[in-house]
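So you can see what is in the structure, the chains are spelled out below.
2 protein chains.
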Amino acid sequence: MLSKSQISFIKSLHQKKFRKEHGLFIVEGLKSVTEFIRSAYNVHSVFFTEPAGSKMLNLSKKINSQLISDNELHKISALTNPQQVLALVHIPPVQAVQSQHFSNKLSLMLDGVQDPGNLGTIIRTANWFGFDELLCSTDTVDCYNPKVVQATMGSLSRINVHYLDLTTLLKTTHLPVYGALLEGENIYNTNFSDAGFVILGNEGNGISAETARYITHPFTIPGIGKAESLNVSVSAGIICSELKRKYLK
Amino acid sequence: MLSKSQISFIKSLHQKKFRKEHGLFIVEGLKSVTEFIRSAYNVHSVFFTEPAGSKMLNLSKKINSQLISDNELHKISALTNPQQVLALVHIPPVQAVQSQHFSNKLSLMLDGVQDPGNLGTIIRTANWFGFDELLCSTDTVDCYNPKVVQATMGSLSRINVHYLDLTTLLKTTHLPVYGALLEGENIYNTNFSDAGFVILGNEGNGISAETARYITHPFTIPGIGKAESLNVSVSAGIICSELKRKYLK
Numbered sequence: 430m431l432s433k434s435q436i437s438f439i440k441s442l443h444q445k446k447f448r449k450e451h452g453l454f455i456v457e458g459l460k461s462v463t464e465f466i467r468s469a470y471n472v473h474s475v476f477f478t479e480p481a482g483s484k485m486l487n488l489s490k491k492i493n494s495q496l497i498s499d500n501e502l503h504k505i506s507a508l509t510n511p512q513q514v515l516a517l518v519h520i521p522p523v524q525a526v527q528s529q530h531f532s533n534k535l536s537l538m539l540d541g542v543q544d545p546g547n548l549g550t551i552i553r554t555a556n557w558f559g560f561d562e563l564l565c566s567t568d569t570v571d572c573y574n575p576k577v578v579q580a581t582m583g584s585l586s587r588i589n590v591h592y593l594d595l596t597t598l599l600k601t602t603h604l605p606v607y608g609a610l611l612e613g614e615n616i617y618n619t620n621f622s623d624a625g626f627v628i629l630g631n632e633g634n635g636i637s638a639e640t641a642r643y644i645t646h647p648f649t650i651p652g653i654g655k656a657e658s659l660n661v662s663v664s665a666g667i668i669c670s671e672l673k674r675k676y677l678k
Numbered sequence: 430m431l432s433k434s435q436i437s438f439i440k441s442l443h444q445k446k447f448r449k450e451h452g453l454f455i456v457e458g459l460k461s462v463t464e465f466i467r468s469a470y471n472v473h474s475v476f477f478t479e480p481a482g483s484k485m486l487n488l489s490k491k492i493n494s495q496l497i498s499d500n501e502l503h504k505i506s507a508l509t510n511p512q513q514v515l516a517l518v519h520i521p522p523v524q525a526v527q528s529q530h531f532s533n534k535l536s537l538m539l540d541g542v543q544d545p546g547n548l549g550t551i552i553r554t555a556n557w558f559g560f561d562e563l564l565c566s567t568d569t570v571d572c573y574n575p576k577v578v579q580a581t582m583g584s585l586s587r588i589n590v591h592y593l594d595l596t597t598l599l600k601t602t603h604l605p606v607y608g609a610l611l612e613g614e615n616i617y618n619t620n621f622s623d624a625g626f627v628i629l630g631n632e633g634n635g636i637s638a639e640t641a642r643y644i645t646h647p648f649t650i651p652g653i654g655k656a657e658s659l660n661v662s663v664s665a666g667i668i669c670s671e672l673k674r675k676y677l678k
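Protein sequences appear in the order of chains F and Z. The first sequence begins at 430 in the numbering used here and counts up one residue at a time. The second sequence begins at 430 in the numbering used here and counts up one residue at a time.
Some hints here could point you the wrong way.
Since the list can't tell identical chains apart, any single copy or any two copies may satisfy a pair.
Below 25 angstroms or equal to it, Euclidean Cα-Cα: the simulated SDA-like pairs (lysine to any residue) are [unchecked claim]:
1) K446 - G482
2) K576 - T645
3) K440 - T509
4) K534 - G625
5) K534 - P480
6) K655 - G625
7) K491 - A641
8) K433 - K460
9) K433 - F621
Just so you know, the hints here were simulated from the structure itself, not pulled from any lab data.
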């Protein structure tokens, strides 16, 4: 049985402030929790209901695990439909990011993406297309937000997400900086370099003026219909596909 | 001021059963409502709060419009953050769908997509890439669900969504039927015909066995990383992009 203080502690991790204070975040669902246990992440503890029991006991032998009731799971879960297993995972230490580190690859950069579902879906897509890192402006939604974690479908366990002042990095690079804008070179005619940065912006406002100053290659996804814009996670999918299609053919 | 019965009537339209019974659905937000007013849809009534007043009065002169309070808008809105304007729009009559109608174009087909955000995003993307129709299995989420309407960002006003028994249509066609599966021809090497059907499946289970029987050309979006799958709306984006890139270059 969970104590009142355990419940309020775990619930506090739905909020960024407390995730930061305690250095922990929530992962839910048997599949995602399994992937985090098998990853380089350090799992703090696992809470599970009866149906997941045998699977969890095998998986998390060395991890502090606790059988709880459906009702308790509902109290601590961030989901409308909780999924039998909830783990607390340590937030990895922040890694210093230096521009040399990005000198021989194409890196995705997000400037102010706000919707947790969008960020989670972008992490999942980036992982699908073999990116191992994602660079986010400090005002991008927290990747340890439970809704983001959920939408990554386990991919967060396989991709490093860095939060940083994008302009500090862009200021020192000599690589091409591609920016997804409403006007620019047609993406289907753009020859992307094998090394550089590709920036996507906020859902409503696009790339911020400060970041946009460093774009050397504006590009766009042309449309045919009268839709005003594409969803940012769909744009990210089309861009990842275009960046990798020559390697995937 | 809204009467109690008005409030409960509008709120009932959050549910499919009552949308069907009354033949009305909800559209929210100044931009989306404006697009529906200017479209072929028949707008039944508009409710707006003070800040949207002048714009709405100009736009909806011939439409039954009513100024309401923020509090009233909160009561009838399906959004966590209501957006000044809410309209009730007539659901268009169901059009009979015959296979000849699809004989000279590529049509997108959804088989059992369940998440309203995914369907809405797919409608928005299809509209961006110039598709004017979307074919959905009868168990696909209702396109007049307020969360779907919201996610289309107005694109629902420009695209016809048909619900039908997909197999009845597929059974009679001689066109190629492309199915997005986990295994199949590499999408980047697939020469899509100018006429045919392209099927995407349910979030968890993919294309149903009954529908899959009619696939003549299975294809897949190859990945590089260890992600297990792509989100269906991201897949739809990549597929639309691949189908149209030759026309957009």
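Hint by hint, here is what the structure shows:
1. Taking the shortest Cα distances, K446 and G482 never come within 25 angstroms of each other, neither inside one copy (32 angstroms) nor across copies (39 angstroms).
2. Taking CA atoms no more than 25 angstroms apart as the test, K576 paired with T645 passes in neither setting, with 34 angstroms inside one copy and 38 angstroms between copies.
3. For the homomeric pair K440 and T509, the shortest alpha-carbon distances inside one copy (14 angstroms) and between copies (21 angstroms) are both at most 25 angstroms.
4. In this assembly of identical chains, the alpha carbons of K534 and G625 lie at most 25 angstroms apart only when taken from the same copy (6 angstroms versus 38 angstroms across copies).
5. Within a single copy, K534 and P480 get their C-alpha atoms no closer than 44 angstroms, and across copies no closer than 48 angstroms, so neither meets the 25 angstroms cut-off.
6. Taking the shortest Cα distances, K655 and G625 sit within 25 angstroms of each other only across copies (23 angstroms), while inside one copy they are farther apart (32 angstroms).
7. Taking the closest pair of Cα atoms, K491 and A641 never come within 25 angstroms of each other, the shortest separation being 48 angstroms inside a single copy and 44 angstroms across copies.
8. For the identical chains of this complex, K433 and K460 are neighbours neither inside a copy (27 angstroms) nor across copies (46 angstroms), given an alpha-carbon limit of 25 angstroms.
9. For the identical chains of this complex, K433 and F621 are neighbours neither inside a copy (54 angstroms) nor across copies (59 angstroms), given an alpha-carbon limit of 25 angstroms.
Of the hints listed earlier, those the structure fails to meet are numbers 1, 2, 5, 7, 8 and 9, in rising order.
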